[in-house]
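Participant: Each chain, letter by letter, is given below.
2 protein chains.
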Amino acid sequence: MLAEMTETKKIHNFSAGPCILPRQVLEKSAKAVIELDDIGLSLIEISHRSKEFISVMEKARALVKELLNVPENYSVLFLQGGASLGFLTAAHNFMRKDGKSAYTVTGEWARKAAKEAKYAGEVDIIATSEDKNFNYIPKNFEIPANADYLHLTSNNTIFGTQFKSFPESSIPIICDMSSDIFSRKIDVSKFALIYAGAQKNMGTAGTTLYIVNNDLLGKTEREIPSMLNLQVHIDKDSMFNTPPVFAVYTCMLTLEWLKSIGGVDAIEEINNQKADLIYGEIDRNPLFEGTTEKEDRSIMNATFVLKDETHKEEFDKLWQEAGISGIKGHRSVGGYRASMYNALPLESVQVLVDVMQEFETKI
Amino acid sequence: MLAEMTETKKIHNFSAGPCILPRQVLEKSAKAVIELDDIGLSLIEISHRSKEFISVMEKARALVKELLNVPENYSVLFLQGGASLGFLTAAHNFMRKDGKSAYTVTGEWARKAAKEAKYAGEVDIIATSEDKNFNYIPKNFEIPANADYLHLTSNNTIFGTQFKSFPESSIPIICDMSSDIFSRKIDVSKFALIYAGAQKNMGTAGTTLYIVNNDLLGKTEREIPSMLNLQVHIDKDSMFNTPPVFAVYTCMLTLEWLKSIGGVDAIEEINNQKADLIYGEIDRNPLFEGTTEKEDRSIMNATFVLKDETHKEEFDKLWQEAGISGIKGHRSVGGYRASMYNALPLESVQVLVDVMQEFETKI
Numbered sequence: 001m002l003a004e005m006t007e008t009k010k011i012h013n014f015s016a017g018p019c020i021l022p023r024q025v026l027e028k029s030a031k032a033v034i035e036l037d038d039i040g041l042s043l044i045e046i047s048h049r050s051k052e053f054i055s056v057m058e059k060a061r062a063l064v065k066e067l068l069n070v071p072e073n074y075s076v077l078f079l080q081g082g083a084s085l086g087f088l089t090a091a092h093n094f095m096r097k098d099g100k101s102a103y104t105v106t107g108e109w110a111r112k113a114a115k116e117a118k119y120a121g122e123v124d125i126i127a128t129s130e131d132k133n134f135n136y137i138p139k140n141f142e143i144p145a146n147a148d149y150l151h152l153t154s155n156n157t158i159f160g161t162q163f164k165s166f167p168e169s170s171i172p173i174i175c176d177m178s179s180d181i182f183s184r185k186i187d188v189s190k191f192a193l194i195y196a197g198a199q200k201n202m203g204t205a206g207t208t209l210y211i212v213n214n215d216l217l218g219k220t221e222r223e224i225p226s227m228l229n230l231q232v233h234i235d236k237d238s239m240f241n242t243p244p245v246f247a248v249y250t251c252m253l254t255l256e257w258l259k260s261i262g263g264v265d266a267i268e269e270i271n272n273q274k275a276d277l278i279y280g281e282i283d284r285n286p287l288f289e290g291t292t293e294k295e296d297r298s299i300m301n302a303t304f305v306l307k308d309e310t311h312k313e314e315f316d317k318l319w320q321e322a323g324i325s326g327i328k329g330h331r332s333v334g335g336y337r338a339s340m341y342n343a344l345p346l347e348s349v350q351v352l353v354d355v356m357q358e359f360e361t362k363i
Numbered sequence: 001m002l003a004e005m006t007e008t009k010k011i012h013n014f015s016a017g018p019c020i021l022p023r024q025v026l027e028k029s030a031k032a033v034i035e036l037d038d039i040g041l042s043l044i045e046i047s048h049r050s051k052e053f054i055s056v057m058e059k060a061r062a063l064v065k066e067l068l069n070v071p072e073n074y075s076v077l078f079l080q081g082g083a084s085l086g087f088l089t090a091a092h093n094f095m096r097k098d099g100k101s102a103y104t105v106t107g108e109w110a111r112k113a114a115k116e117a118k119y120a121g122e123v124d125i126i127a128t129s130e131d132k133n134f135n136y137i138p139k140n141f142e143i144p145a146n147a148d149y150l151h152l153t154s155n156n157t158i159f160g161t162q163f164k165s166f167p168e169s170s171i172p173i174i175c176d177m178s179s180d181i182f183s184r185k186i187d188v189s190k191f192a193l194i195y196a197g198a199q200k201n202m203g204t205a206g207t208t209l210y211i212v213n214n215d216l217l218g219k220t221e222r223e224i225p226s227m228l229n230l231q232v233h234i235d236k237d238s239m240f241n242t243p244p245v246f247a248v249y250t251c252m253l254t255l256e257w258l259k260s261i262g263g264v265d266a267i268e269e270i271n272n273q274k275a276d277l278i279y280g281e282i283d284r285n286p287l288f289e290g291t292t293e294k295e296d297r298s299i300m301n302a303t304f305v306l307k308d309e310t311h312k313e314e315f316d317k318l319w320q321e322a323g324i325s326g327i328k329g330h331r332s333v334g335g336y337r338a339s340m341y342n343a344l345p346l347e348s349v350q351v352l353v354d355v356m357q358e359f360e361t362k363i
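Chains as they are written, first to last, in the working numbering: chain A, 1 to 363; chain B, 1 to 363.
Same shape as in the complex, but just chain A (with noise of 0.2 Å):
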């Protein structure tokens, strides 16, 4: 299908990730890819010790520092593994040796974080909306005093759900904030940890964000193999073996674009008037449903369906027609998901809601 749209249409990209970056990223990470700045050699096949990429890497962490107001006594890495190394390493550098740990269970990536977690102790599941295929975020749930952390996804790219505000807590709180960092202001001092991976507001895979409390750590009275410790990591300045250096300039680069336009104020509402549109569609027009419940539906992805599904082969066409890509619905929910991380413009989801008033007028 995107073979047949080159060149003759511009693609509006809805991918859920890896997904659209902004078209400067791209240009700026393929001139490195052939010679980083004027240093005469790629970014690719220099020392990760050379000072051209510590400058790459201290750059990319001192924005996150600026972006996201990142307390000073917080640390900023980089790291390899996804968010999937990442349900080990909270687990492992959070819960004591016979502790035990709160998760939230809000969708597919929620349920592997707490799967994961259980191979470093115990793990309640202390709210879930799994009873309704994870369409809405529970509330008002009780945090257990004696857990030694509370685990959240901020937002679950699959179900199109996402947190509006944050429970009070007594326990730590740690965050998979994947799908939505960078996207919205939140306030960091609230948590122990944030992880995120890159692909989607930041750069491409292959690196992880991780953000923690210096304060929190060492506490677990666990022997930590290096690599899930983010002391260790810390005390290497995010370089304790050798970094993926693409992924890492890319989101130096992302972040960058960021701050250019404005910042996470300033991406925030935008973000907020594409949602604003996609849903005022989907409420609208009789031929579609949102499959979430309102008041906790996500900004990022926003997920509905056709009433009536025997006419889903002309809504396709339609759309394809228009150069949309990306919008088929994860198979645990079906219908469409509309993912508009911070590079994707407005006028993309203009495109797509002009697709479905013309579908409504063809039905």
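Please keep in mind that the hints were generated in silico from the structure rather than gathered at the bench.
Wrong hints could be hidden among the right ones.
Copies of one chain are not kept apart here, so a pair can be met inside one copy or by any two copies together.
Within a straight-line C-alpha distance of at most 27 Å, the following computed DSSO-like cross-link-like pairs (lysine-lysine) qualify [claimed, not checked]:
1) K317 / K51
2) K59 / K328
3) K236 / K115
4) K112 / K51
5) K236 / K328
6) K115 / K97
7) K10 / K51
8) K51 / K312
9) K139 / K115
10) K185 / K65
11) K328 / K51
12) K65 / K132
13) K219 / K115
14) K219 / K112
15) K312 / K10
16) K31 / K59
17) K164 / K139
18) K259 / K219
19) K118 / K97
20) K132 / K112
Take the given structure of chain A and dock chain B to it, following the hints.
Facilitator: Coordinates of chain B only, in the frame set by chain A:
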């Protein structure tokens, strides 16, 4: 230093890793960051489940099998985490719950491999060359028949030594080949597991190759966390979680290049020529001496020192003027290290040898 050479002079990149890659790999991978093939989207902004990326992953895996004659009962995976996570993965997948493992410590990375394995169980150091700052490869050591596996590091990047042949062993052999895989013919069937970070002969930092004998998995009676469980990755065709798409793509391109120049047989011959050239000069030139036992010299990393350090400044000036980059020795050896990975042309080694000879005439 690098910055001054731009455009006026070709740079001879002897970096120990990340290191030189074939020019066409840089050009093709940069192009794919702008647009993959002709699909209208970048390599780094499409789903890893798209047919386009699945094809990249499959090609990369197939090239490994072809170039190394990997037996049918082996799986090939591209994962994240570097060899450093491989240390843990190796131990978890091959050391029985109450078993033990046998390690050879032939350098810094071999020592790290043994250290991380201790988080999984008992580690016997059965041979080490630490007594002589790792300047040789131990031989004729006894391999305990009751250990679950023997761990080797085929090439020691920092010290410049290499296993020229591998010991006969009645127990499975696991080998970290990060710095010499694809540089010479190997008999994969002799190994239970081979793992290797990509950033020397294979591609850019950010992915790690695993070649594993399927028949030997699942025997440890351990509960292995998913990200460390090779069977999990095999069952998901190396896509258990989002793969590092760019790094895998550069591997595919580099292996295509290797195949195009005649494969491992051809590159081994060139690598031997490069090694003969530099070691010949080190031995001939009265101003230099090698730091390792001759019989254990690495064809990838040649380490040498000035016999008289008082002329250091003059020699350093000469090679810098010749456009040579990255030959400063590691702090634990001192002197110089010429890393001659697959993509380094013979011409670059000749330039270094010319400089060494010019230096001789000047002293």
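Participant: With 27 Å as the alpha-carbon cut-off, assign the pair K132 and K112 to within, between, both or neither.
Facilitator: within (18 Å within a copy, 47 Å between copies)
Participant: State whether the alpha carbon distance between K139 and K115 is at most 27 Å within one copy, between copies, both, or neither.
Facilitator: within (22 Å within a copy, 45 Å between copies)
Participant: At most 27 Å between CA atoms: does that hold for K312 and K10 within a copy, between copies, both, or neither?
Facilitator: Answer is within; shortest intra-copy Cα gap is 23 Å, inter-copy 58 Å.
Participant: Have a look at K259 and K219 and pick one of within, between, both or neither, based on CA distance no larger than 27 Å.
Facilitator: So K259 and K219 fail the 27 Å test inside a copy (35 Å) and across (51 Å) alike.
Participant: When no copy is named, should K219 and K112 be tagged within, between, both, or neither for a Cα gap of at most 27 Å?
Facilitator: Both. Shortest intra-copy (24 Å) and inter-copy (24 Å) distances satisfy the 27 Å Cα cut-off.
Participant: Give the relationship of K59 and K328 under a CA distance limit of 27 Å: within one copy only, between copies only, both, or neither.
Facilitator: Answer is between; shortest inter-copy Cα gap is 26 Å, intra-copy 36 Å.
Participant: For K328 vs K51, is the C-alpha pair at or below 27 Å within one copy, between two copies, both, or neither?
Facilitator: between (44 Å within a copy, 14 Å between copies)
Participant: Which holds for K219 with K115 at a C-alpha limit of 27 Å: within a copy, between copies, both or neither?
Facilitator: both (22 Å within a copy, 22 Å between copies)
Participant: If the cut is 27 Å between Cα atoms, do K236 and K115 qualify within a copy, between copies, both or neither?
Facilitator: Only across copies: K236 and K115 sit 17 Å apart there, 29 Å inside one copy, limit 27 Å.
Participant: Quick one: K317 to K51, C-alpha cut-off 27 Å, is that within a copy, between copies, both, or neither?
Facilitator: Between. Shortest inter-copy distance 20 Å satisfies the 27 Å Cα cut-off; intra-copy 51 Å does not.
Participant: I want to check one pair: K112 and K51. Are their C-alpha atoms no more than 27 Å apart within a copy, between two copies, both, or neither?
Facilitator: Classified as between: cross-chain Cα gap 25 Å, same-chain 38 Å, threshold 27 Å.
Participant: For the identical chains here, do K164 and K139 meet the 27 Å Cα criterion within one copy, between copies, both, or neither?
Facilitator: within (11 Å within a copy, 63 Å between copies)
Figure legend: structure checked against the earlier numbered hints; hints not met, in rising order: 12, 18.
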